[in-house]
Amino acid sequence: MAEAPATPRSPLAGLAGALAGAQAGGVTLTERPARARLNLRLDPEDEEALAAAAAVLGAALPLAPNTAASAGDRTVLWLGPDEWLVTGPAAEADMLTGALAGRHHAITDVSAMYATLALSGANAREVLMKGCRLDLHPRAFAAGTCVQTALARAQVILHRSGNGQTYEITVRNSFSVYLATWLLDAMAEYRPA
Amino acid sequence: MTKFSIFSLARNALSHHERWPEQWRSPAPKPAYEVVVIGAGGHGLATAYYLAARHGITDVAVLEKGWLGGGNTGRNTTVIRSNYLWDESAALYEHALKLWEGLAQELNYNLMFSQRGVLNLIHNVHDLQEATRRVNANHLNAVDAELLTTGQVKAFCPILNTAPTTRYPILGGTLQRRGGNARHDAVAWGYARAADARGVDIIQNCEVTGIDVEGGRVTGVQTTQGAIAARKVAIVVAGHSSVLAAMAGFRLPIESHPLQALVSEPLKPVLHCVIMSNGVHVYVSQSDKGELVIGAGLDPPNSYSQRGGLHTIEDQMGALVELIPIVSRVRMMRSWGGIVDVCPDASPVIGKTPVENLYINGGWGTGGFKSTPGSGWVLAHTIATGEPHPLNAPFALDRFTSGRLIDEHGAAAVAH
Amino acid sequence: MNCRLESGGRIDRTQRLRFAFNGRRYRGFAGDTLASALIANGVHLTSRSFKYHRPRGILTAGAEEPSALVQLGEGARTEPNLRATQVELHDGLVAAGVNAWPSASCDLAAWTGRLAPLFPAGFYYKTFLWPASFWKAVYEPAIRRMAGLGRAPEEPDPDIYDRMNVHCDVLVVGGGPAGLGAALAAGETGARVLLVDEQPALGGALQGLRHRVDGMDGAEWAQAAAARLAAMPEVQVLTRTTLFGYYDHNTLAALERRTDHLGPDAPAHLTRQRLWTVKARRVVLATGAHERPLVFADNDRPGVMLASAAQRYVNHFAALPGRLPVLFTNNDDAYEVAHDIVAAGGKVLAVVDCRPEPAAPLAATLKEAGVALYTGAVIAATHGTRRVQAVTVAALGEDGGLGGGRWRIGCDSVLVSGGWNPAVHLFCQSAGRLTFEEARGIFLPGEATQALEVAGAAAGSFGLAACLADGAAAGARAAHAAGFGDGRAPPAPPSDAPEPGAIAPFWLAPGLKPVGHGKAKHMVDHQDDVTAADIRLAAREGFRSVEHVKRYTTVGMGTDQGKTANVNGLAILADALGKSVPEVGFTTYRPPYTPVTFGALAGRDRGALMDPVRRTAMHEWHEAAGAVFEPVGQWHRPWWYPRRGEDKHAAVARECRAVRAAVGVLDASTLGKIDIRGPDAATLLDRLYTNAFSTLKVGRVRYGLMCGDDGMVFDDGTTARLAEDHYLMTTTTGNAAHVLEWLEEWVQTEWPELRVWCTSVTEQWATLALAGPKARDVLAAVAPGLALDADSFPFMSVREGTVAGVGARVFRISFTGELSFEINVPWHHGRHVWEALMEAGAAHGITPYGTEAMHVLRAERGFIIVGQETDGTTTPQDLGMDWIVSKKKADFLGKRAWIREDNKRADRKQLVGILTDDPKVVLAEGAQLVDRPGRPPVPMIGHVTSSYMSPAVGRSIALALVKGGRARLGEAVHANQAKKFVRCTIAEPVFYDPEGGKRDG
Amino acid sequence: MLWIDCPWCGARPETEYRYGGEAHIARPDPAATDDAGWADYLFMRTNPKGVHAERWMHREGCRRWFNVLRSTVNNEVLAVYPMGAPRPDVPGGEAEGG
Ligand SMILES: Cc1cc2nc3c(=O)[nH]c(=O)nc-3n(C[C@H](O)[C@H](O)[C@H](O)COP(=O)(O)OP(=O)(O)OC[C@H]3O[C@@H](n4cnc5c(N)ncnc54)[C@H](O)[C@@H]3O)c2cc1C
Ligand SMILES: NC(=O)c1ccc[n+]([C@@H]2O[C@H](COP(=O)([O-])OP(=O)(O)OC[C@H]3O[C@@H](n4cnc5c(N)ncnc54)[C@H](O)[C@@H]3O)[C@@H](O)[C@H]2O)c1
Ligand SMILES: Cc1cc2nc3c(=O)[nH]c(=O)nc-3n(C[C@H](O)[C@H](O)[C@H](O)COP(=O)(O)O)c2cc1C
Ligand SMILES: [Zn+2]
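Residue numbers (the working numbering), protein chains in the order written: chain A, 6 to 198; chain B, 165 to 580; chain C, 286 to 1286; chain D, -10 to 87.
A few of these clues could be false.
30 Å max Cα-Cα, derived BS3-like pairs, lysine-lysine [said to hold, decoys possible]: (1) B/K318 with C/K1265; (2) B/K432 with C/K864; (3) C/K421 with B/K318; (4) B/K229 with C/K864; (5) B/K318 with B/K262.
If you're looking for bench data, these hints aren't it; they were derived computationally from the structure.
All chains, please: the whole structure from these sequences, using the hints.
This is the structure:
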């Protein structure tokens, strides 16, 4: 009988070669490995729920729009006033479910729903500006900012992560090949000939 | 009315064209009229013309807040066709198309009505089913229509990219050969001249600011040029339908939206028919002057601003250069917007209103230019007789209460 | 004729360039425009006008050019209607004037000009009416042959384009003295500043002038300013970039020409042009002013040129517009042009000034230099054909007509200046209002409606010192308003330019004959051949609104949009109507300021990137298996999987048979999936679906129909109850996003009290539909832990388990009528599980099937497809699905609408089956049904919604909506398709396994 | 391009939103509403030339619905307010017709 494969298959598997070729020049594009992900819903006024979630996650849920929080290798992205995307170790769902028992909440496993691309380099912002209508200037889009918006013709979660050198673009699987192709096309002018 | 012809042109050339009379008068309004038509767009002017020409009612004023023909009549992409899905629509639009076929002669005004064929493209199975349904319905309604294969599409319009590798390949098309274009301004002017010649007063710069209703019956209008009494009043103001209805105390199933269009710089002829694609949202034809006339879908928010956003145009040009790659280096010369009055079922409202003797003709949304003669014809009938013509009876306001909508979204889809 | 000055100018004389124009070879220098290079070569005749094919030359030196239009380049890269004045010269450039055949100097269509008396404005409305049949056959084709200026390429565009979105605190449009001042002032505050200018270099009018700024040559000062801006980290400067549209909410759009000037050297990896959309906190419009021509008899001959353009050609390009020019003006400032020409070593024959006593400070100097001065005089005629050879100067009489004197002056060019029109285009596009200033005869920006300032000549400040000061002040103000600096303007640099001189607006110079008599044309619009007589004719014929006159005469409707024509035109109209200029008003300014390439508007959204192709986890497997894909919305779904030699029909039939006989597998991942959680989830579903979901047991699945509040069906699907407060809803592929929005809309806007969350999980789960009598066996092989027998896993229930080693949710539902399992596994493992099923099913001949087979299979069972059996006018009752409409629930969406009059009609269209008398005939989907064949018009009673050859039934089958159809089972009808009638019978809409026995295997 | 302030995410371009039409149209009690009343609710709209109370949903972002007062004459946004809140009074809020 068939076993589960050791690693999940990326929706971008078919573009592996093209991505490998996008590691030099003014901007680079890399696919991030798949991680466990949860969509978390709860009432932001429910202090106890917030506290319970924070206790499990090791970080308070970000309440300010367009922000992210992280603790260890876990990040929590603000998606809406009562919605977060938690990326972190697997098995968190059960802990959270336990912690939030009795409180109105929803935890949905979305570990297999997205691909995440990382765009870095001196021209990364410019590449994004070709397809994103938001103000990505550091004054308006500081490191740590995380928004849901449109990039080219795909809806994405755009997170200026770490020290701000990298933009992590999380996109639904079915759009990922399109978006990666679009990015590679937009990057062409910054790549060595 | 001086007859226009090559001979009158030649005769007037001798007097350096200094003896041409006015094409219409600019009279001051009389205190009262038998019929007041609000709105001197194509529909209002046609209504006045047919009132005079067919019903002998000449004590008519057409009141226009700006310049005649300056509403959607003067800003539409001029696609004319009658290949609508439902019987009611096909009958109305086909009646209009038949009138178009003799209109220039009737009005003695060259409307440049050009039956160059309207080609609707098919991009997926659903389109194909809809198109087949519509073409077959058109046949049975005695409206000309053809279902074309991809090859036939290519043969009819060689500049289309029919490669199967495009993002939305062209799987075929429907063609109405009798469809085409007309010169929009001339339609307003031709009707204005002919109506004026029959005694209709066309009063421009005369905005209606109020509608007088007594005991549930209309008695006249308030305007920026004073009060005007009238036995019957017709609201024919397209994008402003709701504003006028509110003056008479009722609401309409209508919302006003910007609809944009644009023209390219004039080019030597490259496109000899009208191309429409609901699938990728664009339609295009080439005017007799040489510009590509291009339209698309409407801007969603309600607005009376007669302007829209560039993003709508960006999308439509993406679609256009995919369909017709050779126009990629052609340039947009001017873009503009109109205010279209959209009904939930993409069909117009023509007939009585809750106020007695007050009639309405509106809700044509993105596609009423083609119906101008037919619409004027049936509204004139309705006003003259007090009862709807069989062709417009189904388009009464009460269909929204009964639920008997005439849903033309499939046929009207993008626009025009 | 070489008209290049020996020295001077800012061209790069070290770089010689070759180019060809109208079939002849010439040379120019780097830094030239096509126009300046032509002028330097003594070429003035460039092209032909639109209507009369009159010879046309270069009128201006910039964006406002109406007449020197060229077809640039050849082959796939050719481009029509470019202004020679804006085309930068590169080596090897090839161009030709438009609208001329065989050439601009000998144009066969020039006969139209000779017939001009028959072709006044709007002549075509008055003729070509008789005989009626000639319109289509003769007249229109002839008119169309005359249409257009340049030619579109005949091949696809080899170049690429892109788009950039940018935000800034202050956008400065125009890099002349005012714009530079504004950008410097704003930039110094630390604000994010974007400066755009359409020209290759900054400096604006300074490039054409000899004035000094801050002790430097003006153009040098501009370069120094550009360097200062470049050093400011938050300032970005875009040259060769035209701001063409000012939209709502301070959103603007600009077109950058990135490689056009490089010609064949353009690097392939760069996009040719870039569309910038700018969201600006504040905007400073420093767009300068356009000089306006004077309207006089035959003022359109090649060699007639704007004075400021001539000045620019001399000062900037070191090219003399003529050896023997005459200057015609109504203002003092134009004298400076004559002065500059003389200073550069050129000659000016005469200055003709329509004012009786000009007070131009330079008049005396010019006289000394031998320039004849005619005051109170006009040019009453020009002579020559392909170029001006002489003018007749005449004195103005008291009454505005010609007075006594006549002087014929042999000359080769006429430089005209009628004053300046502030470039208010963008201001007007922004919805700002204009005011009219009588003294200078100009429209000025008045009240603004968006967050903007206007500075410099665009605001009517024509003096250099004022422009510099204005700009700095506007820049500081704008920055302050955007939150930077204190709003105080930095000191403006000094300059040596004089204050602007006097002007007397002058709209129409009398000719030797009355306007419109004789052959002479007082040209107002040089591109469309609109004359002063045309405008008067329009007024005479009752076209009183300026908008009417525009449309009747086409003034201002050309590629230049009347930049040189409009103000003169409306002043002439005002005169004809006896009104003032502001009473007549102006026509609406619309984007674009100058034309914008379609390709640039399309940007990167071309070819495969025009719209995303959405792919499932198994997409590459399908590709490898040779699937033909069906586009469904943005998705690509396997349509069928042809084997070698199979056509569509054979492949689909094989797939159908496999499912009915053994087992097939379908990629159903595209179905929408929505996770619905919360204590009120059941209540929500009860309100949204026509049937009840609160009564559904945990672990069970129910099919539901969703209607709008108008009672019409808009989606369907199955919903499973996974827990008391947890449902999983499926939607149709095309409606997935719409249904999620529908749920959210009701929850957030109408029923906010409901405690429920809806989350899309469409792409969390890959969905594999395993169908056929052997489905259980196949699944058992890969999911040994799942009890699959009909009792443990009954129809319409859901189980969690492990499939091929992967955690899965398995639903026992069936869209084919066969025993069927829909297996949901995490998307990442979809491909693995698919392959595992293929392997496990190999022994049973497992067959992947596509959407077409799925359609056939479901139609055999009479299952509807929303959007195919429904069209937005179909109710559940019409579909014969009254059984799914709850009679118990007090209210749900759609219910109220069904008691309306229209829903009680007996002749509503109802879903039925249709069987052709000839079982081999497959009707077209979309065939119309009639009771009796006949010649149109024939009343229709319905239409075919689905139609297939059914392998299982062994004949063709169809579904249809037929008026009162349920009551007509067994009756004969006729289907009309492709103008033929096919006899059929109305039947039950279930053709296969009506008892549903096969669903349990 | 309109830029509208999502109450949560801040200023976003029109293209990120779904326009939701006239605001404050409550769904009437179906049992107590005649056909005309139902038509009113389904189809009749104020469509004013002037200030329009309308709904928007931040489709590409937080997916929240909210209300906006906007002039349909010049597209100026005069107020943004939550679903369920009453229409704010804004100066110049008179609509022509309606
Ligand atoms: C960009 C665009 C493209 C289109 N393309 C097509 C197409 O290809 N084919 C097609 O068939 N249709 C098309 N249409 C639709 C078509 O233009 C209209 O349906 C049609 O012209 C409406 O004509 P009308 O006479 O009813 O309205 P209008 O021409 O708009 O006339 C109404 C008049 O009423 C006046 N008015 C308003 N309020 C008052 C008042 N209070 N007092 C006095 N007067 C008032 C207005 O000023 C206006 O002149 C298009 C529309 C647009 C905007
Ligand atoms: N009477 C006179 O002699 C007279 C009259 C008018 C102006 N002038 C002189 O002209 C100068 C005016 O200075 P200014 O700074 O106001 O204007 P300017 O003409 O010097 O600069 C305007 C700049 O904006 C650019 N531009 C215009 N529209 C644009 C657009 N849509 N997109 C991109 N770029 C665009 C132009 O190409 C130009 O470079 C002064 O030197 C003034 O003295 C003299
Ligand atoms: C079919 C059609 C063709 C047009 N052709 C031109 C044209 O060749 N040149 C031009 O400047 N405008 C053209 N226009 C646009 C008008 O100039 C104008 O923008 C439009 O009538 C709307 O009016 P407004 O811009 O004054 O609001 C055309 C409009 C239509 C409807
Ligand atoms: Zn938001």
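A quick look at each hint next to the structure:
no.	hint	result
1	B/K318 with C/K1265	25 Å, holds
2	B/K432 with C/K864	39 Å, violated
3	C/K421 with B/K318	23 Å, holds
4	B/K229 with C/K864	20 Å, holds
5	B/K318 with B/K262	28 Å, holds
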